[in-house]
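With the sequences and hints as input, model every part of the structure.
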Amino acid sequence: AESGPQVNFSNNSPKKPKGALQALSTLSSSEKAAISEIQQDIPLLSRPFDAMAEHVGMEVSEFLKCCRRLKGRGVMRRFGASIRHQNVGFAANAMVCWRVPPSRVEEAGEMMSAFREVSHCYERKANQSWPYNVFTMIHGRTKEGLQRTIKGIAARSGIQEYEALFTIKEFKKERVKFSA
Numbered sequence: 001a002e003s004g005p006q007v008n009f010s011n012n013s014p015k016k017p018k019g020a021l022q023a024l025s026t027l028s029s030s031e032k033a034a035i036s037e038i039q040q041d042i043p044l045l046s047r048p049f050d051a052m053a054e055h056v057g058m059e060v061s062e063f064l065k066c067c068r069r070l071k072g073r074g075v076m077r078r079f080g081a082s083i084r085h086q087n088v089g090f091a092a093n094a095m096v097c098w099r100v101p102p103s104r105v106e107e108a109g110e111m112m113s114a115f116r117e118v119s120h121c122y123e124r125k126a127n128q129s130w131p132y133n134v135f136t137m138i139h140g141r142t143k144e145g146l147q148r149t150i151k152g153i154a155a156r157s158g159i160q161e162y163e164a165l166f167t168i169k170e171f172k173k174e175r176v177k178f179s180a
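Position 86, counted from 1, in the sequence shown is what full-length UniProt numbering calls 86; the numbers after and before it change by one each time, with no gaps.
Just to be clear, a hint being listed does not mean it is correct.
Claimed, not checked - 20 Å max Cα-Cα, derived SDA-like pairs, lysine to any residue: (1) Lys-65 - Glu-54; (2) Lys-169 - Gln-147; (3) Lys-71 - Leu-27; (4) Lys-151 - Cys-121; (5) Lys-65 - Ile-38; (6) Lys-125 - Cys-97; (7) Lys-65 - Ser-30; (8) Lys-169 - Ala-92; (9) Lys-125 - Ala-164; (10) Lys-32 - Gly-80; (11) Lys-125 - Gln-160; (12) Lys-32 - His-55; (13) Lys-169 - Thr-142; (14) Lys-32 - Met-58; (15) Lys-169 - Gly-140; (16) Lys-65 - Ser-36; (17) Lys-143 - Tyr-162; (18) Lys-125 - Ile-159; (19) Lys-32 - Arg-73; (20) Lys-71 - Glu-31; (21) Lys-143 - Ala-91; (22) Lys-151 - Met-137; (23) Lys-71 - Ala-33.
Claimed, not checked - Ranges of calculated distance between the beta carbons of each label pair, as one might list FRET restraints: (24) Ser-28 - Thr-142: 44 to 52 Å; (25) Arg-141 - Gly-57: 38 to 46 Å; (26) Ala-51 - Arg-99: 43 to 51 Å; (27) Arg-148 - Ser-28: 48 to 56 Å; (28) Lys-65 - Lys-125: 35 to 43 Å; (29) Glu-54 - Arg-104: 46 to 54 Å.
Honestly, the hints are just simulated from the structure, not real lab data. All C-beta atoms in this analysis are idealised placements derived from N, C-alpha and C, irrespective of residue type, glycine included.
Below you can see the structure in the form of structure tokens.
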């Protein structure tokens with residue numbers, strides 16, 4: 001089986017690369033075309049990058065190199081897919097806010113994000129009126145299953161202070177797009 005080009009646009013650094021604004025002002029026409037294409041829905045094909053590259057008149061290797069350069073220059077921070085969780089059977093969702101001791105944030109965050117039901121895990125600054133500093137977005141097929149997952153995370157992490165904010169209504173999501 002042919003595997004095709006390997007793509008890794010992940011960015012584990014929360015810091016914004018230096019020079020991102022300057023990089024935006026010096027984009028070539030091919031870079032602008034690649035940015036426009038990479039912002040579209042990924043084609044549901046066995047080799048989606050081939051189709052995307054062809055759409056902008058590039059070879060796939062050239063297209064992928066261009067995307068990597070954009071990431072390296074700080075123009076693009078990451079490349080990832082977003083799934084509409086309700087469409088794939090996850091009807092119950094909650095943002096769970098955890099009060100984690102500062103010395104345990106990294107360890108607890110890694111453990112929490114390892115649960116397959118967790119799609120996002122972020123550290124945020126706590127304050128007097130909201131003492132929670134780790135936020136997870138958790139998905140389940142049912143509310144009962146979701147609550148079991150939350151309790152499982154609490155038991156495994158030993159973090160018992162948390163608030164579960166269950167999704168009541170999802171508003172239309174619009175992705176931000178760069179336009180050159």
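inquiry  = Hint compliance check: list the failing hint numbers for this structure, sorted ascending.
reply    = The structure conflicts with no hint, since it agrees with every one listed earlier.
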